[in-house]
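K.L.:
Construct the complete structure from the given sequences, taking the supplied hints into account.
The chain contents come next:
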Amino acid sequence: MTSPIKSEPFVINIGPQHPSTHGVFRMKVTVDGEQVVDAEMVIGYLHRSMEKLAEERTYTQNIPFTDRTDYLSSMSNNLGYCLAVEKLAGIDVPERGQAIRVIMAELQRIASHFMALGAFTNDTGAWQTPVMWCLREREKVLDLFEMTSGARLTCNYMRIGGVAFDIPKDFEPATRKLIKTLPGFIDELEGLLSGNEIFLARTKNVAVIPPDLAVNASLAGPMLRGSGIAWDLRKADPYCGYEKYDFAIPIGYQGDSYDRFIVRVEELRQSVKIIEQALDGLPGGPHSTQVPLALRPPKGEAYARVEGPRGELGYYVVSDEGPSPYRFHIRPPSLINLSVLKEMTVGGSVADAIVALGSVDIVVGEIDR
Amino acid sequence: MRVQFLATDNWYDLRDLSNLSSAILDGLDKIAPQGVVYVAAALIGFVAAFLIFVLPSQLFVGVLGERKLIGRIQSRYGPNRVGPYGVLQPIADALKLLTKESLTPVAADRLVMYMAPVLFVMPAVLMWAVIPFGPNMIFADIPVALVYFLAISSLPVLASFMAGWSHNNKYSLFGAMRIVAMAISYEIPLVLSLLGVVVLTETLSLQEMVFWQDRFDIWLFAVQPLAMIIYFIAVSAELNRTPTDIAEAESEIVAGYLTEYSGMKWGLFYGMDIGYALGAAAFGVTVFFGGWTLFGLEEWVPAWMIFVVKVWAFYFLFIWTRGTLPRLRIDQLMSFAWKYMLPLALFNLLIICTERILWTDAFDGDKPFIYLFAIANIIFAGLLILGWARLLGYRPERTQTRPRMVQEAGGYVPVAPARGEGR
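In order, the protein sequences belong to chains A and B. Positions 1 to 369 (this note's numbering) are the ones given, in order, by the first sequence. Positions 1 to 423 (this note's numbering) are the ones given, in order, by the second sequence.
Don't read these hints as lab results, they were simulated from the structure. Heads up, some of the hints might be wrong.
[As the list claims (entries may be wrong)] The calculated lysine-lysine pairs, modelled on BS3-like cross-linking and capped at a C-alpha distance of 25 Å, are: (1) A:K87 / A:K180; (2) B:K339 / A:K204; (3) A:K87 / A:K244; (4) A:K52 / A:K87; (5) A:K235 / A:K204; (6) A:K204 / A:K342; (7) A:K28 / B:K170; (8) A:K235 / A:K273; (9) B:K170 / A:K6; (10) B:K170 / A:K342.
P.N.:
So this is what it looks like as structure tokens:
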């Protein structure tokens, strides 16, 4: 840059205490004027050593830990962990348990995406209105969780071999009522934002991730699909009987933050569709298989993955025939999606960096674990 | 010029509050030395304006009304704990701010940081001097009121910059640089848009503008729709209202130039931000929406009440945009000022000058022609806004607001070249 005015870059810390870091995440940004020339992420403020702690507890006792990694999608986390242990121990889940799991995972996706969309629009500066609307709808999903599992945020509902309890009597009508109203709300949200010129100006061509970078960086979830790559584990590697349901994968055009936004909005609709099918075809029978409390899976290792709201959520469990896992590892989609932060932010302005961070939809509890 | 009123000249007739103040001043003139009455007039004017309008509006429209309305927009209740319906909330807020400790960072420039809120408050008081609340209720009916108002209302930028600079905080510095850049950019379309009004009414006095609108029975926003839109956008940019609040963009730079302020120092900035917004609303109402007149109703209802209600209605626009729109980026905001608003303001000026010459030379200033001009200008405004945006590449029909849908998981799906297919 050959500007007659001499300017020198300086470093500003966005976080750990900052309104838009969604937790205690720190982004060290070097700026030249308004332009970002370097960005570095500093993580670890919320490290709770969950992977190590899990080695000291039994397999069942570890389920609440998974609630608290990604606290915005506890059901999906429970599911991923239970799938890994079931794979390791060779346990089959009854049909009804699988259907309930699908319903819960999709409800969780709706709740989590609402939070993501709301927080993202907040980052673009829409002063709290979309986030309040989204939280209002998310509350309704959390009410359903409360009805089923007794908890709203950290549900601890899935069990190895099925789910903890059968769904209550009121659950089905309440869910049907919710999924009847949700598409209308999604349209309302789209009406407020999707065609809004200011929103388009803020998010179009901002934080572009080209498809090759998305694949090479091992991104997952809406981040990957926003770049135009049709990849969804529910289709590519079905679990819990997802192959039975009819739904489509929304993909973006060029991988900017707007594409990620519209992909998330469309995924809400697809989730509603899946829940409807799962409720229609809800089989009878037991909701869970009997599993010994002190489970000692045979020696070996297992990796199970689910399509969480943020992408591929993997659980790797190694057993040495003890009552607790020998090694327990989580593949957190937030952390890996965040690895392209530098590519997304450098060259843009500070405001773009915030939008880029918001479009990743991070949960710091999952990044640091 | 005197508009007919039901209001009498008796001092106790509160339909025209100037009766009371002139009675006091007349009495004072008889007993006090000569200079005192001028000081007393100033004090009465400001105290009255503040007690009757500015302070209640700030508290109950700016703080409570805004929070309530935004609450409704966001489907929540807003403050409803203090007093019935939460009406005492602003007072509780003010008390809380007064009792809070006002921190100063060690490395801050203490003097500048202390002075900035004071400097910020002063213009907020001064600008009410030229706003007409009624036919006689104007503190200083100076012939260059419009210039005075513009000059006074651009002063707080200095205070904001001082505030941002003094903190020794990077977020604050960002906010300060942004607000200066923005104020310089938006002052130009703002003044140019008001120039059209001046050309048409041939006066710089705000009271005269109100009389002009009363005489021709038309509000200037109908004759000057483009100027009104430009005024609204430019003024909300200068006021840091939400679509353009980049100087205190919460999600980016925490609180901009207010980051390190706490206690009543922050409270002064917050309160006076609302004060400026009210001032801008009052000015906009006076210039574009007929001030205290309402097509003859001002003869029956106290004029100042009409004015106050109009100002609140105008202020509602600020609240509404705040509750609805996302924020622009600084470079977009700058290019918006220079690439869209400045040319449009110039076009507007060109049109209104032509019309003015036509009107005086060809039509002898006949009243009906102003309605013709109004219709023409509304059409011009629509065409110009759309046409100019199209010229600079506004193509909403090419925006894909729905993602592509695929049924099977696979790899990358190349984007088919778009041929302007619809949403």
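K.L.:
Decide, hint by hint, whether the structure agrees.
P.N.:
Going down the list of hints, with the structure as the test:
1. Proposed proximity of K87 (chain A) and K180 (chain A) is contradicted: the alpha carbons are some 35 Å apart, above 25 Å.
2. A threshold of 25 Å between alpha carbons decides the hint, and for K339 (chain B) with K204 (chain A) the separation of about 20 Å falls inside it, so the pair holds.
3. Using a Cα cut-off of 25 Å, the hinted pair K87 (chain A) and K244 (chain A) holds, with the two alpha carbons roughly 20 Å apart.
4. A threshold of 25 Å between alpha carbons decides the hint, and for K52 (chain A) with K87 (chain A) the separation of about 21 Å falls inside it, so the pair holds.
5. For the hint pairing K235 (chain A) with K204 (chain A), the CA-to-CA distance comes to about 28 Å; that exceeds 25 Å, so the pair is violated.
6. Of the pairs offered as hints, the one joining K204 (chain A) and K342 (chain A) holds, with about 18 Å between alpha carbons and a cut-off of 25 Å not exceeded.
7. A hinted pair counts as satisfied when its Cα atoms are at most 25 Å apart, and K28 (chain A) with K170 (chain B) qualifies at roughly 13 Å.
8. Between K235 (chain A) and K273 (chain A) the CA atoms are separated by roughly 15 Å; this keeps the pair inside 25 Å, and the hint holds.
9. A hinted pair counts as satisfied when its Cα atoms are at most 25 Å apart, and K170 (chain B) with K6 (chain A) qualifies at roughly 18 Å.
10. Only pairs whose Cα atoms come within 25 Å are accepted, and K170 (chain B) paired with K342 (chain A) is accepted, the gap being roughly 21 Å.
The structure shown violates the earlier hints numbered 1, 5.
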